[in-house]
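In order, the protein sequence lines correspond to chains A and B.
Quick note on this note's numbering: the first sequence kicks off at 1095 and runs consecutively.
Quick note on this note's numbering: the second sequence kicks off at 6 and runs consecutively.
What the hints contain is simulated information worked out from the structure, not anything from laboratory work.
One should not assume that every hint holds.
[What the hints assert, rightly or not] Stretches of chain B that chain A covers, calculated by requiring three or more beta carbons in the stretch to come under 8 Å of a beta carbon on chain A:
| hint | stretch |
| --- | --- |
| 1 | 25-39 |
| 2 | 256-267 |
| 3 | 282-289 |
[Said to hold, decoys possible] A partial selection of chain B residues facing chain A, derived with a Cβ cut-off under 10 Å:
| hint | residue |
| --- | --- |
| 4 | R119 |
| 5 | S156 |
| 6 | D157 |
| 7 | L213 |
| 8 | D217 |
| 9 | W221 |
| 10 | P302 |
| 11 | E303 |
| 12 | V306 |
| 13 | Q311 |
[Claimed, not checked] Not everything, but these chain B residues come out facing chain A in the computed CB check (under 10 Å):
| hint | residue |
| --- | --- |
| 14 | W43 |
| 15 | Q120 |
| 16 | Q293 |
| 17 | L300 |
| 18 | F304 |
| 19 | D305 |
| 20 | L307 |
Backbone N, C-alpha and C fix where the C-beta goes; we use that ideal spot for every residue, glycine too.
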Amino acid sequence: MPSARKSALTIRLSGRRILIGLGSLVSLGLVGAGMFAWLGIYNVAASVGHFYVVDRILRFGMENSVKARAPDIVPPDLTDPNLIRLGAAHYYAGCAYCHGSPDTPISPIAHSMLPPPPDLGGVERWKDQELFWLVRNGLKYTGMPAWPGPSRDEEVWAAVAFLRAMPGMNRAQYTRLALGDVEIAAQSGEEIATGEGPSDAVQACARCHGGGAKGPESDLVPVLHGQPADMMVQALRDYAAGRRPSGIMQAATSGLTEREMVQLATYYAGLTPLRPEGAPGETDSRVERLVAEGDAARNIPGCVQCHDNRALPLYPRLAGQSARYLEGRLTAWRAGLRGTSATDAIMAPIAGRLTPEEISRIAQHFARQPAAGESAVR
Amino acid sequence: MRSAAALPFCLALGGCSTVQSALSPAGEQAAQIAVLTWILLGVLGGVLLIVLGALWLAIRGSDNARRLLSADWAVSIGGIAFPAVVLTALLAGGLWLMRPATTDAALTIEVEGRQWWWRVGYVLDDGTRIEAANEIRIPVGQEVDFVLTSSDVIHSFWVPSLGGKLDMIPGRTNRLRLKAERPGIYRGQCAEYCGGPHALMAFEVVALPEADFAAWRQAAGQPVSTVRESGFDVFAAAGCGSCHAIAGTSANGRVGPDLSRVGERRMMAAATMPTSEENIARFIADGQRHKPGNLMPEFDVLTDEQTKTIASYLARLK
Ligand SMILES: [Cu+2]
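Put together the whole structure using the sequences plus the hints.
Written out as structure tokens, the structure is:
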């Protein structure tokens, strides 16, 4: 009996000792780490770089993290030229200053980041979903930014489509894609002379939205020609303030002054509306009724009361707009995308009540309508 | 502490207020229900006393009393015959009191429950309809048939001071006859949970002397607005006409309440606030705060001046 008691005591004592020992080790470690940080022993200089082994380990961890997290979704058709064009135009302003492009090499400044942004010619080893995840979420501690409009997956796919198309692209092909080939005539000699002409800023928008008699290069970009200026100013303010989520337009509007917004909107509002895509086509009486009267049983109002030329200039016109753009916006609302702008509050619930089939037919319907000039009511 | 003590009294007083109370009937049907209520209360109160007496005897009574209670015949009479007779008599009385009307009603009014308001249509003798919402006008002393439907989920139509409640069921048509004996305003309330702002889905029944009602019906058949009325242009351009109808204009939406005579209704937004220019303006710009979840989007996009112009136009529609 006594020996049993004694051995139990020994076990209890050694258990306690282990605990104490572990505790001291942890405290020592914490103190050590604190000293390490406090005394500035670690060199945070980007110029020094990581040890080869550390670099390998970080890369290994990053690649596995991306592979584990990439979503299991079916990508859209990444060879779609509309997607590639929109992606190229965004890449030009949003990615090229770090990653370089067929037009410009990686800048020495960006190259001195740690890790340096890689040339994206070699992205073949990533799967589509992995690239999507990378571009959407960015990479912690590397300078690779996340997509600014976090819920705009279609926009991220545009960038991915372009990354897939970029390898092997020559300079001419790239600039043609990224910049479109729009020539904007100066508004008037005086405006340019006094530096008040919007042509510089317009050029920044024309890459995507076209200008003069030319429409957008990509069907995914809205036609602005002849839209009411009030609506466009409002949209630009909402993008800039993050009330209307779009990584692409948030990037394009950051830094615009209120005055530039008004000038740009006035410029586009003054352009002659483009001719609608496609022929008027066969009339679809069901869609025509929906668009004119709505469907009260499902709480859907008619659309034209808010979207034709008699409506407030604060509401967008739909006639002559790109069908894919219209369908994309309605589908995004339907899927639950919400902005916090005052206009979003009006349209989002209405869009949510339409079926995908109705959305597609309505988009076709409006795209074929000829657009007309300004609103009657101010 | 004192306010807590006052609570039961306040609740009781609420039940007795005459605007919405089954205990102060203002119509034949409500009176019948009140009579039935009192009979039920009396008879069942008596039964309760008898049961309590028997219980007391069973616990505290003499051996004799307990033997009597547990005898076979006591169980057959007290447990089978007595309830059968009393319940049958109550059922018969109830059925007789609530028997369906055999005469024709003087007026038919269609009421459709919608999330979260009431569409009202007066069916006139010539087959035409007067469209309205959230307020129902009826002539005093006349039987009125309510044709009750729903366009979305189950609602329940209940004007406690005038009669019993009846469910409004999607795909079904229910009929309810009511008659107001005295002129007055009687509040109704949706009595079946229908989601979101269900608690803010009320309406008012305004019982008018017969001559007044006839005059109103005459007037209500004629539109008060035209497209040229000042303010209508802003109303139309803001797209309000896609959901709201105004007789005599191009506004013909049916998603929201008919606004042809909105300025004449005592209350708005399903009887949740008094109608006034200020309240209309508030509802346009900030309606989700007043009635969270209601199906009208907020029009924060309008300038104060535009909102005021529309509100003043609507308030004038009477
Ligand atoms: Cu309800």
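TODO: Please verify that hint: V306 of chain B, Cβ, nearest Cβ of chain A, below 10 Å or not.
DONE: 4 Å, holds
Open item on the list: Next item in the hint list is D157 of chain B. Is there a CB on chain A closer than 10 Å to its CB?
Closed with: 8 Å, holds
Open item on the list: Just to make sure I understand the rule, a stretch counts as covered if three or more of its residues have a C-beta closer than 8 Å to a C-beta of the chain. Does the stretch 282-289 of chain B meet that for chain A?
Closed with: Contact hint for the stretch 282-289 of chain B vs chain A: violated, 0 residues under 8 Å.
Task: Coverage claim, chain A over the stretch 25-39 of chain B, checked by counting residues with Cβ within 8 Å (three needed) - done: Result for this restraint: violated, n = 0.
TODO: Report holds or violated for the interface hint on E303 of chain B, using the least CB-CB distance to chain A and a cut-off of 10 Å.
DONE: The hint holds - E303 of chain B has a Cβ within 10 Å of chain A, the shortest such distance being about 5 Å.
Open item on the list: A closest beta-carbon separation below 10 Å is what the hint needs, so does W221 of chain B meet it against chain A?
Closed with: 26 Å, violated
- [ ] Double-check S156 of chain B for me: the hint is only fine if its C-beta lies closer than 10 Å to a C-beta in chain A.
- [x] Since the shortest Cβ distance to chain A is 6 Å, the answer is holds.
TODO: Have a go at the L300 of chain B hint: is there a Cβ in chain A nearer than 10 Å to its own Cβ?
DONE: Result: holds, 6 Å to nearest chain A Cβ.
- [ ] Could you check if P302 of chain B really has its C-beta closer than 10 Å to a C-beta on chain A?
- [x] Since chain A brings a Cβ to about 4 Å from P302 of chain B, closer than 10 Å, the hint holds.
TODO: Report holds or violated for the interface hint on D217 of chain B, using the least CB-CB distance to chain A and a cut-off of 10 Å.
DONE: 32 Å, violated
Task: When the least beta-carbon distance from Q293 of chain B to chain A is tested against 10 Å, hint result - done: 8 Å, holds
- [ ] Hold the hint about F304 of chain B up to the distance rule: shortest CB distance to chain A must be less than 10 Å.
- [x] Holds, about 7 Å.
Of the numbered hints given earlier, the model fails hints 1, 3, 7, 8, 9, 14; all others are met.
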